[in-house]
Amino acid sequence: MSGLPPYASVPQRIWYYTFRVICGLIFFYLIFPILVILPLSFNAENFFTFTPAMLHLDPAGYSLKHYVDFFTNPDWQQSLKNSVLIAPMATILATAFGTLAAIGLSQSHVPFRGAIMAVLISPMIVPLIISAAGMYFFYSRIGLQGTYWGVVLAHAALGTPFVIITVTATLVGFDRSLVRASLSMGADPITTFFKVQMPLIIPGVVSGALFAFITSFDEVVVVIFLGSAAQKTLPWQMFTGLREQISPTILAVASIMVVISIALLTVLEMLRRRSERLRGLSPG
Amino acid sequence: MGATTTTDGPVLTVDGKPLKASLAKALRREKLRSFILIAPLLVFILLSFVAPIADMLMRSIDNSIVPDTLPKTVVALKEWDPKSGEAPGEPVYAALADDLKVAVKAKEHTRLGSRLNYDMPGASSLFRQTGREVRKLEDNGDYKGQFLAMDKEWGDVQFWSMLKVLSSEYTPNYFLAALDMKRDASGIHMAPPQERIYLFLFARTVFLSLAITFSCLLLGYPIAWLLANLPARSSNLLMILVLLPFWTSLLVRTSAWKILLQQQGVINDLLVWAHIISDDNRLVMINNQAGTIIAMTHILLPFMILPLYSVMKTISPSYVRAAKSLGANDWTAFWRVYFPQTVPGIGAGSILVFILAIGYYITPELVGGTSGVFISNRIAYHISSSLNWGLAAALGTLLLLVVMVLFVLYDKIVGIDNVKLG
Chain A
1 MSGLPPYASV PQRIWYYTFR VICGLIFFYL IFPILVILPL SFNAENFFTF
51 TPAMLHLDPA GYSLKHYVDF FTNPDWQQSL KNSVLIAPMA TILATAFGTL
101 AAIGLSQSHV PFRGAIMAVL ISPMIVPLII SAAGMYFFYS RIGLQGTYWG
151 VVLAHAALGT PFVIITVTAT LVGFDRSLVR ASLSMGADPI TTFFKVQMPL
201 IIPGVVSGAL FAFITSFDEV VVVIFLGSAA QKTLPWQMFT GLREQISPTI
251 LAVASIMVVI SIALLTVLEM LRRRSERLRG LSPG
Chain B
285 MGATTTTDGP VLTVDGKPLK ASLAKALRRE KLRSFILIAP LLVFILLSFV
335 APIADMLMRS IDNSIVPDTL PKTVVALKEW DPKSGEAPGE PVYAALADDL
385 KVAVKAKEHT RLGSRLNYDM PGASSLFRQT GREVRKLEDN GDYKGQFLAM
435 DKEWGDVQFW SMLKVLSSEY TPNYFLAALD MKRDASGIHM APPQERIYLF
485 LFARTVFLSL AITFSCLLLG YPIAWLLANL PARSSNLLMI LVLLPFWTSL
535 LVRTSAWKIL LQQQGVINDL LVWAHIISDD NRLVMINNQA GTIIAMTHIL
585 LPFMILPLYS VMKTISPSYV RAAKSLGAND WTAFWRVYFP QTVPGIGAGS
635 ILVFILAIGY YITPELVGGT SGVFISNRIA YHISSSLNWG LAAALGTLLL
685 LVVMVLFVLY DKIVGIDNVK LG
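Protein chains in written order, with my numbering: chain A, 1 to 284; chain B, 285 to 706.
Hints may contain errors.
Claimed, not checked - Across the chosen pairs, the derived CB separations fall in these ranges:
{"no.": "1", "chain 1": "B", "residue 1": "D346", "chain 2": "A", "residue 2": "E276", "range": "49 to 55 Å"}
{"no.": "2", "chain 1": "A", "residue 1": "G186", "chain 2": "B", "residue 2": "A606", "range": "51 to 57 Å"}
{"no.": "3", "chain 1": "B", "residue 1": "K466", "chain 2": "A", "residue 2": "R141", "range": "29 to 35 Å"}
Claimed, not checked - On the chain A side, residues computed to face chain B include the following (Cβ under 8 Å):
{"no.": "4", "residue": "Y29"}
{"no.": "5", "residue": "A53"}
{"no.": "6", "residue": "L57"}
These are calculated hints, taken from the structure and not from any lab test.
Beta carbons are placed, not taken as given, at the ideal position from N, Cα and C, and that holds for glycine.
So here's chain B without its partners, still in its complex pose (with noise of 0.2 Å):
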C-alpha cells in the first residue's frame, strides 16, 4: 500500500484511490472479520445465557395467570368500585362462572388458586372447592346467589378488590414480597414484622459476605507480601499450596470443612484429646455463620490472594527504602508509603470476593445450618420446593441488580480485561 503523492488533491494509494477510502475499506474489512470471529460465541452466550436469565426477570413481573384463566371476569371488575363497601354485581359472577367452567374443564383452576394464594391465603382451597362444584351451577340469572351458597368468601369484599389489583398482566407483588411489603386495595404498606423475612436475610447475606471479605483481607494480606517479596525460588514453592485450594473441587473443600468442624469431627477430637475442652463441651462450629464464615472464607481466600499478589509484585522496594532512610520507622513506612500502593489491589479483590460470596449457594447449604444460610438458599428453596417461581425470580433480580452494580465498580476499578487466574 505505498502511497504516491501527487502535487494537488488527495493523497493515492498506487491503484489510484484516495487513501482516506482505501484505509477506511480496510478497517471497515478488519472491523467485519473481528466480528465473524466474535459473532458466534457472542450468539451462543445470547442465547444459551442472556435469554435464560431476562426470561427470569420478566417472570419477576408477569401474572398473566390471572387474566388468562379468568379473562371474562377481568373485563366484568372494571366496572365495579371496591370502594362502594358491596360485593360486585351479577354480571361479575356470571363472567367468573363461565371463565371456571373453561378453566376446570382444562385443569387450570387449581393452578390460579396457588398463584392467588400468595396474595391471598385460602384463595387455593377456595378455588380448589368451588372448581369441584362448578359443574351444578346453573343458568337462572342468579350466580351471585349460587355462589355465595357455596362459599361465603366469594361476597367477601377485600377478596375481589385483591382480585381486582391482580387482575393485571404485571404485577410488582412479587417485588414488594421480596422486600417485605404487600399490596392490598389500601394501599402498599409493610409485612407484619412477624412475617418480614426477606430484608433481614439480604440484610445478613451482605454482612456475612462482607465478613468473609475481611477475613479474606486480613488471611490475604500477609501472605501476598510474602509472596511477592520472597524470592521467585521459594515464592513459587509456596504459591503451589494458594494455587492446590484454587484447583480442587468446591465440593470436596467443603466436605473437609464439614469433616473437621463436626461435633465429632477432627478438630474437637483434637481440643478433646489437647484437654483444651472436655469431651461434653465441644464447639459448636458447623450448621451456623461462624461454620459459613470459615468455610467461605477458606475457599474464596486464592480469589484476594492472586490479585493483591500481582498489584504487590508490581511495588518497587526502593520506595520503602527510601522512606526508611529518610527516617521512617518500618510501620511508617508500611502504613505511609507501601500500603497505599496496594489500595487497587486490595479494591480488586475485595470486589470480587464479596461478588462471589454475596451469590454463594452450595457452601452455606451445607455447613451455613439455618442461622448461617444466604439470599441463594431461600431463592433455590422457592423455585424447587414451595415453587413460588415469581418471588425466586424477583428475589434473583434483587440480587443480579446489587452483583450488576458491583460488576460495573469492578470494571471501573480493575476493568474485565485485566482479570488475572492464578
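With the rest of the complex left out, here is chain A (with noise of 0.2 Å):
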C-alpha cells in the first residue's frame, strides 16, 4: 500500500509523489507555527517577526531578554505560581474521582450506564463558555467565585472526563479473573486494588493525570470569569497579554510552554509502549 510498486506507471508516480508533497505541506502546517515561537522567542528587538540580524545568525541579534523579564516580571511570576499551585491540586481530584469511578463503570451490570457516562463525559461535551457563565452565576451564589477552591474545583470537573476516558480504555484489556483469583486466595478487596488492579491500569491513571493536569494548566475562559485577579493564572496572563498589549515576553511564556509540552508527550509515548509491551501487544 505504502511503497511505489516497481511496475507503477507515470502517473502513478507522479500522484505517488505528489501526495508525499501535499502530506508534507500539512504537516508543515500544524508543525511549524509551534516551532517559529522558539528561534522568536530569541529576539534582541520587541519585534514579532525575524529581524535582518537575527537572518545573517548575528549575535546582536539574539538575547535572553524576553525570559529575564518572564522571570523576573512580579506579574508573570505571580500568575507562574498560581498555576502551579491551582493544576495539581485540581489534577488530584479529578484523578481520584476519576479512576474510582472508571472502575465501578467497568463492572458488568451497571444501572443506568449510558446516563451516567453521559453525564460524566458532559464537562467535556460543553462549551466552556456555557460551563464558565454557569459556574459563575452558581459560585458567587454559594461564595465561591473569586477563591482558590472555586477556580480547583471548577478545573477538577473539567478534567475528569478525560481520566475517565483513558482509565476505562486501560479497563478494557483488565482481565477480571485477575482480581477473582486474587480474592479467591484471601487477599482483602482494598489489597486486591492496589497490589494487583492498580499496577496493570496505572499507564491509563498516569495519562489521565496528565489529561487533567494540561486542562487545568491550559484552561483560561473559566478561571477569568470564576477566578479573581488573586487567581490570575498563566494562560490568563497570556490572553491579557494578546488582548490588550501584544508583549514580547509571551514569546518567551509561549517557548517554555512547547518545551514543557515535548516533554510531557514523551513521557506520554512512553507510558504507551510501556502498556503495549505489558499487554503484549507490541513486540519491544
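Assemble the dimeric complex from its two separately framed chains, guided by the hints.
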C-alpha cells in the first residue's frame, strides 16, 4: 500500500510524489507555527518577526531579555505561581474521583450506565463559555467565586472526563479473573486493588492525570470568569497580554510551554509503549 | 458457589438457598459496589458542574426581579386592561408609590430600572430620576397626578402595558431577544432589521464551524491515510508531528498564529521578501474570518486526524487489492471500496470537530476581529460588559441545545465509550 510498486505507471508515480508533497505541506502547517516561536523568542528587539540581524545569524540579534523579563516580572511570576498551585490540586481531585468511577463503570451490570457516562463526560462537551457562565453565577451565590477552591473545583470537574476515558480504555484490556484470583486467595478488596489492579491500569491513570493537569494548566475561559486577580493563572496572563498589547514576553512563555509539551509527550509515549509491552500488543 | 441439584424443586447452592436468589443477591452486591465507586464523582460533577448549568438555564427565563421589587403594583395591574387605551387608575399609582418607597430604601430601584431597560429603552433613567423624588410624594389621594408631574412617561399606556407583560415570575423575553424577536402589548414579532444581530451571529457561527470542519477533513484525511498505511516505525515518528500540536497549549498556538498572520508578521515579511507582494500591499489575514478559520483549523486538526486514523487502521488492504485485481483503477478502488469504509471515521471526526468549534471562545476573540467572532464571544460580552445576564443565559441555552443534539448524534454513531485520546 505505502511503497511504490516497481510496475507503477508514470501517472501513478507522479501522484505518489504529489501526495507525499501535499502531506509534507500539511505536516508543515501543523508543526511550523509551534516551532517558529522558539527562535523568535530570542529576538533582541521587541518585534514579532525575524530581524535582519537574526537572519544573518548575528549574535547581536539574539538575546535572552524576554526570558529575563518572564523570570523577573512580578505579574508573570505571580501567574506562574498560581498555575502551579491550582493545576496539581485539580489533577489530584480529578484523578482520584475519575479513577474510582471508571473502575465502577467498568463492572458489568451497572444500571443507567449510558446516562451516568453521559453526565460524567459532559464537562468535556459543553462549550467552555457556557460552563464558565454557569459556574460564575452559581459559585457567586455560594461564595466560591474568586477563591482558590472555586477555581480548583471547576478545573477538577473539567479534567475528570479525560481521566474516565483513559482509565476506561485501559480497563477494556483488563482481565477480571485476576481480581477474582486475588480475592479467592484471601486478599481483601483494598489489597487486591492496590497490589493487583492498580499496577496494571497505572498507565491509563497517569495519562488521564496528565490530561487533567494540562486541562487545568491551559484553561483560561473558566478561570477568567470564576477567578479574581488573586487567582490569575499563566494562560490568563497570556490572554490579557495578547488581547491588550502584545508583549514580547509572551514569546518566551510560549517557548517554555512548548518545551513542557514536548516533555509531556515524551512521557506519554513511553507510557503507551510500556502499556503495550505489558499487554503483549507489540514486541519491545 | 457449587450448585447441587435435588431431585425436584429449584436448583440450590451448597448453603441450601435457591441458586436464583443467591445469584440475585450477588448481583445486587456488585451493583451496590460499583455504585459506591461511581457515587463520589457523580455527586461531585452534579454539584460543581451540572447544578451551575441548570442554574444558568433557569436564569434565561427568570424574571422575579419585577414581581419582587414591585409586588403591590403587579397585583394592582391585574385589574387594568391595556386595551382600554388609558393609563391605569389611582390604585395602581398608589401601589407603585408604596413599592417604590420600599425599593428606594433598599436601593433596588436602579437594578429594576436596568432590567426594564432591556425591554423598554429609557426605563433606567426614568426609575433613577423618580427614585430621587419619591420621598416627596404625599398621600393626598392623587398619586397619579404627582407621578405625571414628575415625568410624563408615567402616563404612557405603552409603558404600562409593557410592565404588565413583564410582571410574571418567568419571561420568554430573553429567548425572544436571542432570536431577534420582540414582545409587546400587540404580541410577538421580529425586531426591526437594523436590530437583528443574533440570528446572523448564530448563522455565522454555524457557517464558520462548518468551514473549519470541512478544512479539517480536507487536511486530515490524507494525513490519517498516510499514518495508517506507513510501516509502524515511520508512522510513529510522523504521529508525533500530530500529537505535539495536540498537546501544545491552546494559547501558545493562538499566539503563534497571531504572530505569523499579522501585517508585520512572519508570513507577510516572507511574501514581501520573495517579491510575491509589495511592501504596501501586505495581506490582511488576521482579525477577520480568514484568521479564525486558519487558526482554528490548526487547533482542531488533531481531533479530526485521530478518529480517522483509528478507523483507517482497521481497514484491511486486501479489499483495495481485490478491487484492483478485478480491474478497478486507483480512483475507483479508492472511491468505491476504501472511502465508504472510512465514513464512520469521517462522521466521528467531523461531529467532534464541529462540537468543539461551535463553542469556541478564545481563538475567535484573539484572531477573529469583528467579522470572525462567534456566538460565544457575544455571550461573554453580555456576562462581563453589558451585564444582561438573562440574555447571555438564553444565548447559552440555545448554543447548549445545539451541542447536546450533536452530542447525542455522536453517541449514536461512535459511542461515548469509544472516544480515543491520542
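Hint check:
In this structure the supplied range 49 to 55 Å holds for D346(B) paired with E276(A), their Cβ-Cβ distance being about 53 Å. A hinted range of 51 to 57 Å holds for the C-beta pair G186(A) and A606(B), which are about 56 Å apart. About 30 Å separates the C-beta atoms of K466(B) and R141(A), a value consistent with the hinted range of 29 to 35 Å. Given hint, Y29(A) at the interface with chain B, holds; its Cβ is 7 Å from that chain's nearest Cβ, closer than 8 Å.
For A53(A), the interface hint is violated, the least distance from its beta-carbon to any beta-carbon of chain B being 14 Å, above 8 Å. Annotation: interface hint on L57(A) violated; nearest CB of chain B at approximately 16 Å, more than 8 Å.
In terms of the numbered hints stated before, the structure departs from hints 5 and 6, listed from lowest to highest.
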